[in-house]
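Line by line, the protein sequences are chains L and C. Numbering of the first sequence is given in my numbering, commencing with residue 1 and proceeding in unit increments. Numbering of the second sequence is given in my numbering, commencing with residue 1 and proceeding in unit increments.
Hints in this document: simulated from the structure, not taken from any laboratory. It is possible that some hints are incorrect.
[Unchecked claim] Quick list of simulated restraints, FRET-style, between CB atoms:
1. L:188 / C:237: 29 to 35 Å
2. L:74 / C:69: 44 to 50 Å
3. C:167 / L:306: 38 to 44 Å
[Stated by the list, open to error] To spell it out: a stretch of chain C is covered by chain L in this simulated footprint if at least three of its residues, at any positions, have a beta carbon under 8 Å from a beta carbon of chain L; those stretches are:
4. 153-162
5. 566-577
6. 596-603
On a predicted model such as this, the values are computed, not experimentally measured, just so you know. Note that the Cβ used here is the ideal one computed from N, Cα and C, for glycine as well.
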Amino acid sequence: MIPQHWIFRLPVMTASLLVASAVMSAPPAMDGDAIAREVYTATHGGLVNNAVSKRHGQESAVIVNRVPLAMRHAGRRPIVQTFDTFVNNQPANPELESIRLAILTSGKAKDAGVMLENYKDTARSSVITLWLPALRKFRRISEPAHDDVWFGSTITYGEISLRRPEHETHELLGEEVFNDCLPVMELSDAEKGRYTLNMPEPQCEHKGRPVYVLKSTTKFSKWWYDYHISEIDKESFALYRTVYYKDGEKVKSIFIDWQPLDRPDPRITYPRFIYAVMHTDGKDSMVFVPRSTIALDVDLPDEFWTEKTMENYGTE
Amino acid sequence: MSQDVNPGGDQTPAEKPPRTNGRDWAGTYARWALSHRKLLIFSLFAFTLLAALFVNKIDLRNDPDSLLPLSNRYISTNLYADRHYGMGNLMVWGFVVKDGDIFQPWFINMLRDFYLDAAKLDYAKPVNFAGIPSPKLRNLGLSEDGSLDFKRLLPASGLSSDPEEQHAQIEYLRKGLEHHLVMEPLLVYYRDADGNKCNLLDENGRMDSATVARVQTDCKAVGTFIIGDFNDKLKDAPVAWVESAQALLAKYQAEYGDRVEFQVSGEPWFLASMVQEIWDKAWLIGISLLIVLLILYHQFRHWGAALLPLLGVGMTIVLTLGLMGYTQFKLTTMMALTPLLLLAIGIGHAMQITRRFLQELERSGNPEKAAYESIRHTIVPAALSIGTDLHGFVAISFVDISFYKAYAWFGIFGLTTLILTTTTLIPLVLMWHPPKLHSGAEERPWTIHLARGLTRLLTGRWKWLPVAAVLGVIWLSAHEAQLGRGVSAILAGEAGRSDPEVARIQDEFDIMPGAEKGIDYPRAAYKDHTLMGELTGDGDVPLISDLMSLSEMMPGVITANIVVRSKAGTLPPCGADAWNADGDRIIGPDRCWDEQEDPVQGVFNSAEVMEALARFEDWLRGYPHIGFSVSYVQFVKTLNMMLNAPDGEPPLHHMELYAIPTPEHMAAHLANYGGNIEDLPDPDASVRLYNGILSTSAGAGELDAFVNTASWDEAVIVAFVNTMDPVESHRTIRDIQDWLLAHADDPGMDKLRFGVEAGERITASDGHTVTVETQDDPRPAMGGFLGVTEATRDVAFEEWIHAPLATSTTVFLMSAIMFRSWLAAGILIALCFITLLTQYGLGGYMTAIKEWSANLAFHTQVALSIAMGLGVDYGVYMLARLREEMCYHKGSWKEALEATLSSTGGAIILAVAVLLASFIPLMNTQLANLWSVSLYIAEALVLDLLLALLFLPLLVEWLKPKFVFAQK
C-alpha cells in the first residue's frame, strides 16, 4: 500500500567487495581497538594498484537476495544480479584514496554503472555517479546512510564501507580456535537459475585457525544492534564470522570466506563469498565472486575510471 | 413459539394426547422416558459435561472474508490480493498534537518509539509499515553539494540529543515531508487556523506546487499517522492481540495523553475488539437470566420449578456451544445470538412442561403419573412448535454464507435438543424431587382481565381499531421501504431504463429501494453510541468516533484493491534444468524465461501500459470518493522525475516530470530528455531500467506489496475510499467499473484485465487457490474493504427476499398440512407477510435516518427468516386453541375467544417478555450486529404477538375457516 523510496540505494558500494585484504603480522598483546583498526585496514586498504572482477565465460560475480522466510512460498525465486567491478587504489588525483567502478551485467538494469570516489579526507563524503544507459545520462547521488541496505541485501552500507573503528568501542573477549564451517545460502532446485547453478558449498577449510574474539559495541544510540561479536583470524585479520545482537538476541550473522589469490605476497586475499542472514525473519543474501573473474594489477590507464568507461561499457 | 400455548390440565379440551393411526405415540414416548429415566438423566448430564469441555475451544473470530461465499468474484479478488500482496489487515494509528505542530522533538521521539513498539506487536509485518519513522520515508531532494539525496527523513537512530543537530534533523524532516509527493498526503494532517482540514490534493485529485504551497502557507501540520500491516494468523488469537495493542496505546496515552490526541482504527482492531466485547459483556447474560428467573417465579411461585427450566435450557446451550467448540466451525460474534435465542425459545418449552407437571401433580398427587401425563400431553405440541421454529433456520441453511449456515446448523441442533432437555428432562427431575403443591398452575388474574378486555374490543364496534392499526402499519412500512417507487420502476419496463436508478431497480429487482441492502461495515459492526454509555457518562463508542475522526483527517480509511494482470500472461521462469553442467542453455527461451539473459517479459515493462494505468489512477484520484491512491506506477513516475530533473535543481521543482516517459511526454519536455526529438530515449527501455533499479535497490520482498517482481506481469492499485456510506460505496465501485469498461480498448488498457474473472481459478503466491463462480457480468471485480462491501451487497440482494420467501413457503405448507386447511395456512402466512413488510419498513426507516447499524444489510437479513419461523408459532397456537375452545364451548365464538386469549394469549405475552429479557445482552453491547438482529427479531415478534392477539381473531371470525368453525 505504501510507496517506498529505496530508489537510490543502488549498488554504489559494489566495488568495495573486491578489496584486497592485507595480511598483517599480528603484533603481540593487541587490545580490542588495535584489532579493530587492523581489521578495518585489512578490509578497506589495498596492497594492489587495482583489482578487477569481470565476467569470465559463464562465470560472473553475483549477488543473490532472498525474501524473509514468511514470504518464501513455493516457487518464489531469489533476486539475482550479476556485476563487474573495477577498483583503483592508486588514482592519479592525489585527493582521492580510491575509485571503484561497478557495472551491472544482467537483468533489467543491465549496463547501468556506478562510480564511487573516496577521498583521503574522511570528513569528505564520497561522490557517487550513476550511469543510466536507457536515459543516456549521468546522475550524482549523495552518500547513503550507515543503516541503508546495500544492493537490496541484508548487508548495510555501514558494514560494507562506512563504519569506521571509532564508531564502536572494542573489547577483546579472548582468543580461540575457529571450529566451524562457514555456511552458505542453500538454494532448492526451484530457486536456482543461470547464475546460481554452481554456488559454493559450505566452507570448512578455516577450521582450526586461531582467532580473536572481539566484542564491538556501537556508539550510535538506538541503533539496529547493540553490539557484535566477531571472530578474526589472528594472522590475516580476516573476519570469518560476525554475529550482531540487539537486546541480547541474535539479529544477524555474516560469514565471509577469505581466500588467497595465489600472488607472491601471501597477504593478498579476497572474499570468495559473503553470506548474511537475518535471525529475525530469515531473510538472507549471498555474494559470490568466482576466482576466475578476478584479475589484479591489470594494465589499465587511470582514465579507465571515468564516466566514459561506464557510458561505453555495454557497447564494447 | 410454543410457550404454554398448549392448554394443560383437565380444565382444557386438549387433555387427550394426539394419536396417529390409533396409536398413542406420545404415551409410548412418555412411558419409555419414565422407564429409562436414570439412563436419560445420566446421559444428558454426561453429554452436557462432555460438551462443556469443548466450550473453550470455540473458534470465535470475525473475518468478512470467511463470512461470504469464497466463489464471489469480489471475495476471490480480495482474497487473492490479500494473499498475493498482503495489506489485508491494516491498522491506522493517528496522533494529533494539542499544541503546536508535529515538528517538536518530543513528539518525533514519541512517534519513533511508538512505531518501533507497534512493529513488535505479534503478527506484525514491519516491511509494510508506513509512517514518518519508516525506513522507506526518504528525502526526494538535493544534498548540499547538489547531488540527489535519498536519505531517511528521520535517522534510524532517532533524533540526536544535541540541540543544534536535533534542530537540523527536524528541519530536514520538515522540508523532506513538505515535498514528498507520495507520502505526505497519506501521512500528514494539516489544519488551518479555524480547525478545518487542509487538502494537499485539489478537487481533481491532483497535487502540484500551487496546492502544496497553499497548504504549507495557510495551514499547520498537526497530525500524522502510522499505518501497520498484520498477517492473517492474528485472526486465530484476536483477543490476545487486541489486548497487547490496547496496552501499547494505553502506555503512550498515559505518558503523552495531555499533549497528544490518539486515535486508532483498522480492520484487525475492529474485528478483534468485537470478540473482546462479547467476552467483556458476558455478565449481561446474568441480568437476562435473573429477569427470566423472576418471570418463571411469577409463573410458578416456586423457586425449584423456576430454576429447573433454566437448568434444562442451560444444558441445551452448553451442548450447542460444546458442538461449536468440537466442530471448530469458524464463528463470528453474531453467533452470540444463538445461545440467547435458545434461552428464549427453550424457556418457553420449559415453562410449558413445568406448568403441565404442576397441574398434573396437583390433580393426581402422584409425581410419576404427573411426569407421565405431562410428557404425554406436551411432547407432540412441543415437537410441532420446534418444527415451525426450525423453518427459518432450515431456510437460511441453504444460503452460501458461513454465518448463516452456522446459525442454521447450530440453531437446528440446539432446538432439537430442547425436546430432551426440557420436555423430557424436567418432569423426570421433578418426579424425583416434586415441589410442594400449590396454585402455580392456575391462570393469573392479569391474563383473565386482559382476555376479557380484548374480547370486548374484538367483538364490539371498536374491532375496526385493530384493522385500522394494521392498515396503518402496512402503509407506513410500504412508505418507508418505498414499495411504490420500486413497483413503478419495475413496471416502467424498457422505456424507463434511461433513468439509471430505474435500470438498477429492474436489474436487481429492488422493489423496496427505500431499504438499503448495502452495508457500512464499521457501523454494522459497532453502534456509534450506547444506551449504557449514555447512562454512565459518554455514550460514544470510541471505535466509531476514532474511525470517523480518522476518516476526516486521512484521505480515506477503507481501501479498494484493484488487481491488474496482463491478458497475455508470461512464460514460467527457468529452473535449474534449463542449463547443463557447463552452463549452456538446454531449454530455450520459447519454453521458459531467464530473467538475467532473456528479453524482458511482463506487461509492467511497457511504457504504454504504465501510462494507461497512470491515466486510470489520475482519474481515480479525481473521483470524489477516492481520497488517494498508491501503486507501483507512482514509483516509476517518481523515479522518472528524480532522474530527469536538471542537474543541481530540486526534482520537486519539476513536478511536470512526475510522469511515465512516453514519447508524447518526452517530446513535451524535450530539454529534460536530451533535447533532440529525433533521438529520444526509448520509453520501454526507460521503464525497464526503472524496474531494474527499483528491484535491485529495494530490499528483497519490499516491492511485493505493489507489483509481482517475479513475473512483472501483475500488480495492485490501492485506492483509499473516503466514504463508508453503502449507497456511495456502491456508486464508487460502479463508477470505477464503468470507467474501466469504457476505456477497455484504450492503448495499454487493451493488454490488461482487472480482478479475478468469472470462471477463473488462480493461485496466489502463497499457494492459495481461489475460484470464481461463473457470473454473467463483465464488470471487473476488486478487493479491499470496498470489494468486500460490494460482495456483501451482492449477497444481500440475492437473499433479502429469497430467504424469507423460502421460509414462508415451508411455513405455509407445514401449516396447511398441520391444520389440513389452506385457509388457515393462508391466514397465518398473511400475518407473516405483514410482519415481514414491517421489517422491510424498519429497514427503510433506518436507511432514511442513515442508521447504518440497522439498515437491511445482510447481517440484519438473517433475522427475517428466523423471526418468521419463531413468530408464526403465536398464530399457530392461537388457531389451534381457538379450534379447541370452539369445540369446548360448543361453537360460542365469544367464549372461545376469551378462553383462548386468557390461556394462550397470556402465555404468548410471557413468551415475548422472556424473549425480550433474553435480548438484553444483545441490545446492550457496543456491537451493532447483535443489536440490529435482536431489534429486527424483537420488532417482528412483538408485532406477531399483537397480530395474533388483535388481528388473527378478526380474520378467523370473518373468514370462518372450517378448521375452527366446523368443530363440534
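Violated hints - listed by number, lowest first: 2
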